[in-house]
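Assemble the complex: chain R is given as a structure, and chain L must be docked to it using the hints.
Protein chains: 2
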Amino acid sequence: MPHSRRIDAAVMGALNAAQGGAAPKKLADALSYACLPGGARIRPTILLAVAAACGDDRPALSDAAAAALELIHCASLVHDDLPCFDDADTRRGKPSVHRAYSEPLAVLAGDSLIIMAFEVLGRAAAEDEARAAQLVLSLARRTGMPFGICAGQGWESEAEIDLAAYHRSKTGALFIAATEMGAIAAGHEAEPWRDLGALIGEAFQVADDLRDAVLDADTLGKPVGQDDLHGRPNAVAAYGVDGAVARLRDILAGAIASIPSCPGEAALAEMVQMQAKAIMPKIPARYRV
Amino acid sequence: MPHSRRIDAAVMGALNAAQGGAAPKKLADALSYACLPGGARIRPTILLAVAAACGDDRPALSDAAAAALELIHCASLVHDDLPCFDDADTRRGKPSVHRAYSEPLAVLAGDSLIIMAFEVLGRAAAEDEARAAQLVLSLARRTGMPFGICAGQGWESEAEIDLAAYHRSKTGALFIAATEMGAIAAGHEAEPWRDLGALIGEAFQVADDLRDAVLDADTLGKPVGQDDLHGRPNAVAAYGVDGAVARLRDILAGAIASIPSCPGEAALAEMVQMQAKAIMPKIPARYRV
Numbered sequence: 000m001p002h003s004r005r006i007d008a009a010v011m012g013a014l015n016a017a018q019g020g021a022a023p024k025k026l027a028d029a030l031s032y033a034c035l036p037g038g039a040r041i042r043p044t045i046l047l048a049v050a051a052a053c054g055d056d057r058p059a060l061s062d063a064a065a066a067a068l069e070l071i072h073c074a075s076l077v078h079d080d081l082p083c084f085d086d087a088d089t090r091r092g093k094p095s096v097h098r099a100y101s102e103p104l105a106v107l108a109g110d111s112l113i114i115m116a117f118e119v120l121g122r123a124a125a126e127d128e129a130r131a132a133q134l135v136l137s138l139a140r141r142t143g144m145p146f147g148i149c150a151g152q153g154w155e156s157e158a159e160i161d162l163a164a165y166h167r168s169k170t171g172a173l174f175i176a177a178t179e180m181g182a183i184a185a186g187h188e189a190e191p192w193r194d195l196g197a198l199i200g201e202a203f204q205v206a207d208d209l210r211d212a213v214l215d216a217d218t219l220g221k222p223v224g225q226d227d228l229h230g231r232p233n234a235v236a237a238y239g240v241d242g243a244v245a246r247l248r249d250i251l252a253g254a255i256a257s258i259p260s261c262p263g264e265a266a267l268a269e270m271v272q273m274q275a276k277a278i279m280p281k282i283p284a285r286y287r288v
Numbered sequence: 000m001p002h003s004r005r006i007d008a009a010v011m012g013a014l015n016a017a018q019g020g021a022a023p024k025k026l027a028d029a030l031s032y033a034c035l036p037g038g039a040r041i042r043p044t045i046l047l048a049v050a051a052a053c054g055d056d057r058p059a060l061s062d063a064a065a066a067a068l069e070l071i072h073c074a075s076l077v078h079d080d081l082p083c084f085d086d087a088d089t090r091r092g093k094p095s096v097h098r099a100y101s102e103p104l105a106v107l108a109g110d111s112l113i114i115m116a117f118e119v120l121g122r123a124a125a126e127d128e129a130r131a132a133q134l135v136l137s138l139a140r141r142t143g144m145p146f147g148i149c150a151g152q153g154w155e156s157e158a159e160i161d162l163a164a165y166h167r168s169k170t171g172a173l174f175i176a177a178t179e180m181g182a183i184a185a186g187h188e189a190e191p192w193r194d195l196g197a198l199i200g201e202a203f204q205v206a207d208d209l210r211d212a213v214l215d216a217d218t219l220g221k222p223v224g225q226d227d228l229h230g231r232p233n234a235v236a237a238y239g240v241d242g243a244v245a246r247l248r249d250i251l252a253g254a255i256a257s258i259p260s261c262p263g264e265a266a267l268a269e270m271v272q273m274q275a276k277a278i279m280p281k282i283p284a285r286y287r288v
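Protein chains in written order, with numbering that gives the first Met the number 0: chain R, 0 to 288; chain L, 0 to 288.
Calculated from the structure, these hints are not laboratory results. Nothing here was measured: the structure is a model prediction, and the numbers come from that model. Mixed in with the good hints there might be a few duds.
Identical chains share a label here; the pair holds if one copy fits it or two copies do between them.
Computed list of lysine to aspartate or glutamate pairs in EDC-like fashion (alpha-carbon distance at most 20 angstroms, straight line) [as the list claims (entries may be wrong)]:
id: 1; residue 1: Lys-281; residue 2: Asp-28
id: 2; residue 1: Lys-25; residue 2: Glu-155
id: 3; residue 1: Lys-281; residue 2: Asp-241
id: 4; residue 1: Lys-25; residue 2: Glu-159
id: 5; residue 1: Lys-24; residue 2: Asp-249
id: 6; residue 1: Lys-24; residue 2: Glu-155
id: 7; residue 1: Lys-93; residue 2: Glu-155
One chain only, chain R, in its complex shape (with noise of 0.2 angstroms):
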């Protein structure tokens, strides 16, 4: 089965779960509403390629921990799109949540999938135990405090930003939990993986920079101009949109360098080669020199 198709039926089994019993119906609905239809689904599909390329012998735990990071993924959306952060009217080209059903809904939506993604891995213990509490260990440092998600998100609220720090937590740390996530499930350490989590992550940052100071709201499906906005720190105020690209291709090659020897190697190099074509944006004419 292909990654796309095992990836949406592990987080609609998620869902579907969630939905059990006498749950409250809008709840229900917007935890369905900021999964579905998914985005490019880009962590867990990272997450099963190299499950792969170590061996994915054991697919089910696969399954579970790619729908458990892409459920962490969704949730820190809605909860980045709330009126006390970004404040998003739009995401992936329709209300964000909170504008969709209400702020109570999407703070409680953002914490049930939070919560869901846990119990997914909870759930998959079945399939091997001391792998799955690996999984929720890698999950839990790559999302909390003090180098997950959630610090990353925190250092905006500092007067003094430890730029290091901020952006290998805010963007960085799932990409990192999705190559130590795929080589866990597959039984293999998570250590040796985790440069490519870090160099991935600095591309997506990078690329998302690049996107934000030269794409229009159409086209990216969300409101652009907003690192200027918010005074945030990018590569693009850094280096240039010239020197922004040049530095995106130099990540990716070292990127590609940093996999370890396993089984799938080569695999894995060529579906990285072919993420890096699909993040790279198109540069208007305008900003070419």
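Just chain L now, with coordinates in the frame of chain R:
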């Protein structure tokens, strides 16, 4: 070691882990602010009492379970106090987290505490992987959708409320988690302990309704009359003050009767009796008939 010191040590341990490395300071501070000094720590106290009644053969696992449960409870208070929910200015006699820090930091603190709870359980898997996985599942089910405290809060956004489901999830769920997780941590089946948790939860709900209706804000340490203000269903509106007091006594008697046969049954019954006395609010003379 008395239960209260075990709980404090376990919660402190979890909070200290979140301060490590280059953590954003305000968010790290907000986490401690939300959990310290603690309230009555009633849920983890029940958890440890049930674990003790079941033999408590892995105390480190029980401590982790107690800390995880308390962290989730504190997270729920931080999010419940947000402007879009109760808009509470104070909590436990000091400014609520969003008042003391900011709304973004309160959202992130709640998120981080939820994640920290599961991280604590992930680390405790070193004690016993199978029990840790069951603890993750129990905590997630009693916290998220469709049966946990998120579902309970979600009911408040519905035009028609399923009252039984509302109370069971909003207040009951974490008490069910307390008895389930205490049993699981000590290697016992969770299911026979569910009724005890549900009945204690019901008792606390009625006691809380009584306090909200009859005490003043200084005594309570938070705004009063919130149920009436937000049009929330409550036992005093349904049965009157005297009726609610009688109902509270009945529920507590049922709770003690529901305790499963176990090595520490008598001591546990005594502890529930003591808690029952502690939660019964002193009804001001003007409410007595």
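Evaluation of the provided hints:
1. Lys-281 x Asp-28: neither (35 angstroms within a copy, 42 angstroms between copies)
2. Lys-25 x Glu-155: So Lys-25 and Glu-155 pass the 20 angstroms test across copies only (10 angstroms; inside, 31 angstroms).
3. Lys-281 x Asp-241: within (12 angstroms within a copy, 71 angstroms between copies)
4. Lys-25 x Glu-159: This pair counts as between: shortest inter-copy Cα distance 11 angstroms, intra-copy 40 angstroms.
5. Lys-24 x Asp-249: Answer is neither; intra-copy 48 angstroms and inter-copy 33 angstroms both fail.
6. Lys-24 x Glu-155: between (34 angstroms within a copy, 11 angstroms between copies)
7. Lys-93 x Glu-155: neither (26 angstroms within a copy, 25 angstroms between copies)
Taken one by one, the earlier hints fail for this structure at numbers 1, 5, 7, listed in ascending order.
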